[in-house]
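Take a look at the letters that make up each chain.
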Amino acid sequence: MSDLIKAFRESLETLDRVSAEALFQQALAAQTPIAAIESLVVPALEQMGQAWQEGSVALSQVYMSGRFCEELVERVLPPSDPDRKHQPRSAIVLLNDYHALGKRIVYSVMRASGFELFDYGRMDVEQLVERAIADRIRVLMISVLMLPSALRVSEVCARLKSRDSGIRVLVGGAPFLFDEQLWREVGADAMGHSASEAVTIVERWMGDMA
Amino acid sequence: MNSMERTLTTLGHREPDRVPLFLLANMHGARELGLSLRDYYASAANVVEGELRLLDKFGSDCAYPFFYAALEIEAWGGETIFFDDAPPLCGAPVIKRAEDIDRLQPPPVESSPALRRVLDAIAWIKQRVADTLPIIGVAISPFSLPVMQLGFDRYLELMHEQPQRFQRLMQVNEEFTVAWANAQLAAGATAICYFDPVSSTTNIPRSLYLETGQQVAKRVLARINGPTATHLASGRGLPIVGDIADTGTAVLGVSVLEDLAQLKAAAGGRISLLGNLNGIEMRRWTPEQAELAVKRAIAKAGPGGGFILSDNHGEIPFQVSDEILLAIREAVDRWGRYPLHWVGDWVDPDAT
Numbered sequence: 001m002s003d004l005i006k007a008f009r010e011s012l013e014t015l016d017r018v019s020a021e022a023l024f025q026q027a028l029a030a031q032t033p034i035a036a037i038e039s040l041v042v043p044a045l046e047q048m049g050q051a052w053q054e055g056s057v058a059l060s061q062v063y064m065s066g067r068f069c070e071e072l073v074e075r076v077l078p079p080s081d082p083d084r085k086h087q088p089r090s091a092i093v094l095l096n097d098y099h100a101l102g103k104r105i106v107y108s109v110m111r112a113s114g115f116e117l118f119d120y121g122r123m124d125v126e127q128l129v130e131r132a133i134a135d136r137i138r139v140l141m142i143s144v145l146m147l148p149s150a151l152r153v154s155e156v157c158a159r160l161k162s163r164d165s166g167i168r169v170l171v172g173g174a175p176f177l178f179d180e181q182l183w184r185e186v187g188a189d190a191m192g193h194s195a196s197e198a199v200t201i202v203e204r205w206m207g208d209m210a
Numbered sequence: 001m002n003s004m005e006r007t008l009t010t011l012g013h014r015e016p017d018r019v020p021l022f023l024l025a026n027m028h029g030a031r032e033l034g035l036s037l038r039d040y041y042a043s044a045a046n047v048v049e050g051e052l053r054l055l056d057k058f059g060s061d062c063a064y065p066f067f068y069a070a071l072e073i074e075a076w077g078g079e080t081i082f083f084d085d086a087p088p089l090c091g092a093p094v095i096k097r098a099e100d101i102d103r104l105q106p107p108p109v110e111s112s113p114a115l116r117r118v119l120d121a122i123a124w125i126k127q128r129v130a131d132t133l134p135i136i137g138v139a140i141s142p143f144s145l146p147v148m149q150l151g152f153d154r155y156l157e158l159m160h161e162q163p164q165r166f167q168r169l170m171q172v173n174e175e176f177t178v179a180w181a182n183a184q185l186a187a188g189a190t191a192i193c194y195f196d197p198v199s200s201t202t203n204i205p206r207s208l209y210l211e212t213g214q215q216v217a218k219r220v221l222a223r224i225n226g227p228t229a230t231h232l233a234s235g236r237g238l239p240i241v242g243d244i245a246d247t248g249t250a251v252l253g254v255s256v257l258e259d260l261a262q263l264k265a266a267a268g269g270r271i272s273l274l275g276n277l278n279g280i281e282m283r284r285w286t287p288e289q290a291e292l293a294v295k296r297a298i299a300k301a302g303p304g305g306g307f308i309l310s311d312n313h314g315e316i317p318f319q320v321s322d323e324i325l326l327a328i329r330e331a332v333d334r335w336g337r338y339p340l341h342w343v344g345d346w347v348d349p350d351a352t
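Protein sequence lines, in the order shown, are assigned to chains A and B. When we follow my numbering, the leftmost residue of the first sequence carries the number 1, and every step to the right adds one. When we follow my numbering, the leftmost residue of the second sequence carries the number 1, and every step to the right adds one.
It is worth saying that the hints were derived from the structure and are not from the lab. One or more hints might be untrue.
[Said to hold, decoys possible] Chain A residues, not near chain B, derived (Cβ > 12 Å throughout):
no., residue
1, A29
2, Q47
3, R104
[Said to hold, decoys possible] Which bits of chain A does chain B cover? Going by a derived footprint, with three or more residues having C-beta under 8 Å, they are:
no., stretch
4, 33-44
5, 97-103
6, 124-138
7, 198-206
[What the hints assert, rightly or not] Cβ-to-Cβ under 10 Å is the rule here; a few derived chain A residues that face chain B:
no., residue
8, K6
9, A7
10, E13
11, P78
12, F118
Using N, Cα and C, we set each Cβ at its ideal position, and we do this for glycine too.
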């Protein structure tokens, strides 16, 4: 399987859709859709996320791959499929910011990994807290690019805590990458260095919440 | 040496009297004047007054009358969103549909009130400082401008899926960037900081850079009538340092995500480095941490010249205190004096 993952990842990195599609079909021929996703798509995207953290893969490759994999997965595992990982109930948001690419990438990679999640678009603190509580969200993923937006996460966390929401907050984006202490300072429960790390963290939390 | 002599000496890869410090805290000028960022940037006179007060207070070795990146988009018909505590951002993309690129024309520099404010600010600062210190103008690279024109996701899709439209967009943007950069030089700017974050290997692979961003930079920088510094705005650039030097730029603004000593070795005397203090962490630094960061950067990149100390983004966050900016200033005075005899014996306390 590791050879297949390596070949799939190389196809994604070079944006060779034909080859990636063929390799995905090869995995599908031997497994159920969810098993093919978990054994091929998720590890390939995980490796790419790790490589982006280390500087050997670029954001354009992560974005285009995430989008392509999202399409692949959508085809074999539509949102209504019972194999979609509905738990924990999750949402992603761009907080007080207008730089949407990071959120878009995480959303794609989460969906390409078999998750369903709400996309809240862009919201301010007040809107976000009310919506997340109303939707009974268990995992809230917050994406930002600007430092002041990152600092506003502290207001979100404080308000969620004051309402005993039990919502776990996962943050990501440039300010958190440049200051490794910042996610703790703002009261988040974790930070994702890359989109695929966000998937790993949510999967771990799924285990905790089960 | 004055700031101009100090800077030119280091750009010649020789050691000046001390490491030049480019303290790019342009938003702090609004705080000096007690104005909101919106009001501050509405007037060239405000920015001139703010910039002169910052020079007086922090002793930066350059004037940096940079307003905000979205200002260029105003020239294209876009709108700017202002915040109390963050750099202004561009509003909705000015290119709504990819087909709009087919009819796109570069806006004339002289017809944009926003661009004219910058030109006025540069001219007035030039009257005050003459040639004692460099005045740095700013132009967003034609290759990076589409992030604001289209949005980053749509731009990446265009680049990969519509190569002809991508080339057409580059042609239009190149005309604008060349005219805008040259207008700033004509107004009195000494050099142009060519912000090109999309070319960073954080954002695109080297192979794509060589086909796209580097070709654009070669064409554009050859037509700019003065020296340029290429800035990757916190993005990584180590694998393409030599490729960036090949574009004809004199300086590279580098990221704290990469090691300054490795960057300096990669530069190989062909290009000077600007950077790479961590502007995000700077918000919570103590003066002692600021001193250590300055000392570490100078130890890695100072010897032999070819180095200007600065932040790693080209814009220090509004949240950074004056106390820390002054601590950086003092640390450069203490540890940046050439010859750097202390460097050989110094052991970084945080080195593993």
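* Please name the hints from earlier in the document that this structure breaks, with their numbers sorted from lowest to highest. => Violated hints: 3, 4, 6, 7, 8, 9, 11 and 12; rest satisfied.
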